[in-house]
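There are 2 protein chains.
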Amino acid sequence: MSHRPAPTDIDIHPLIAGRWSSRAYAADKPVAHEDVVALLEAARWAPSAYNVQPWRFVVFEKSADSAAFERAFATLVPFNQSWNANAQVLFAVLADTLTAKGTANPTAAYDAGAAAMALLLQAHAKDLAAHSMSGFDANAFREAFAIPERFTPIAMISVAHHGDAKGLPEALAEREQAPRARLPMGDLAHFGAWTQAG
Amino acid sequence: MSHRPAPTDIDIHPLIAGRWSSRAYAADKPVAHEDVVALLEAARWAPSAYNVQPWRFVVFEKSADSAAFERAFATLVPFNQSWNANAQVLFAVLADTLTAKGTANPTAAYDAGAAAMALLLQAHAKDLAAHSMSGFDANAFREAFAIPERFTPIAMISVAHHGDAKGLPEALAEREQAPRARLPMGDLAHFGAWTQAG
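Taken in order, these protein sequences are the chains called A and B.
Note that the first sequence covers residues 1 to 198 in the numbering used here.
Note that the second sequence covers residues 199 to 396 in the numbering used here.
Derived by calculation from the structure, the hints in this document are not laboratory data.
Among these hints, one or two may not hold up.
As the list claims (entries may be wrong) - If we take Cβ atoms under 7 angstroms as the criterion, some of the chain B residues that face chain A in the derived model are:
1. Ile210
2. Ser280
3. Phe343
4. His388
This one's a predicted model, so the numbers in the text were calculated from it and none came from an experiment.
All C-beta atoms, glycine included, are put in the ideal place defined by N, C-alpha and C.
Let the hints inform the model, and build the full structure from the sequences given.
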């Protein structure tokens with residue numbers, strides 16, 4: 001089930017409405033390296049403050065280097081390990097917290113989020129399932145891959161071809177097919193003034 | 199000049215390749231309120247850790263409430279004020295730094311960045327110019343609009359219809375037409391291991 005458009009209140013571009021965070025991944029179907037690179041290329045063209053481009057990705061392709069993939073996979077929290085058995089690619093998303101001058105970059109994580117969103121949307125454009133997760137041990141990841149202090153691991157994105165939700169544990173299969181939900185617009189958007197609702 | 203696709207190394211979706219941060223805004227051409235809401239709707243469907251949706255937007259439409267718009271505009275740094283004279287809408291992007299339990303949300307800014315990217319892409323889908331800026335006084339903004347402590351103003355996004363770069367000061371007009379540039383892929387993507395290049 002790869003088609004699960006957001007029940008939007010207003011029409012938005014189908015690439016944005018159609019992207020969603022699946023957990024049903026196809027077994028044993030590697031993601032082509034050229035697709036992995038296309039996902040990174042989409043991230044590369046994201047905007048950032050002063051065009052600093054503070055995003056970094058450490059990419060783990062199961063089919064290319066299963067040992068490295070397993071070391072990255074081991075940093076996922078148990079719940080995420082449970083449904084990612086068929087994940088083919090893991091992208092660790094890191095932010096460079098410092099500018100070239102060595103001062104703090106206050107928008108590093110915000111800019112990394114923009115790049116990650118481009119990556120997720122490009123995955124959807126290629127009909128790949130992609131899911132960004134904060135549930136991983138950032139310190140364990142840092143240690144396992146000797147990440148320098150200035151770079152902060154923020155998230156892990158898993159990617160695979162879409163699979164059948166029936167292969168998931170029952171509770172997750174249900175969640176996979178439940179209506180997608182978001183806060184009402186009034187909770188997140190305020191016009192002309194801050195209002196306490198949000 | 200609204201068509202300025204990224205010179206990508208690899209083909210990516212045209213919505214992502216075609217989005218760019220223009221500074222040439224059309225004068226006196228309001229952005230329809232329904233378009234403003236569509237941009238917010240795109241942001242609304244972004245992914246976030248535990249679906250917490252920590253993004254908030256305070257939206258200023260010049261044509262609807264010019265006094266509020268001017269108060270928000272006044273928090274931009276002088277350089278951004280200089281080229282935003284024709285901006286029609288300002289979106290202040292805020293992150294809710296706390297979870298419902300009152301603990302810190304470590305991915306609030308990253309998730310807000312994803313939502314902002316969706317907003318920028320939806321603007322491009324509507325052939326609107328949109329530009330995310332970190333150059334504003336977040337404290338002044340917080341004070342002017344009585345933003346509660348738990349919400350952090352991260353960026354200001356200005357939106358308008360595309361205009362003519364000839365209307366910009368010479369240095370900016372040149373920058374507007376210069377080739378778009380990003381770091382080479384090798385600086386931002388590492389495969390299987392961290393390498394010092396990035």
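Outcome of the hint check:
Taken as an interface hint, isoleucine 210/B checks out: its beta carbon lies about 5 angstroms from the nearest beta carbon of chain A, inside 7 angstroms. Annotation: interface hint on serine 280/B violated; nearest CB of chain A at approximately 16 angstroms, more than 7 angstroms. Contact between phenylalanine 343/B and chain A, as hinted, is supported at the beta carbon level, the nearest pair being about 5 angstroms apart and thus within 7 angstroms. Using the Cβ-Cβ criterion of 7 angstroms, the hint placing histidine 388/B at the interface with chain A is satisfied: the shortest such distance is roughly 5 angstroms.
Checked against the numbered hints given earlier, this structure breaks only hint 2.
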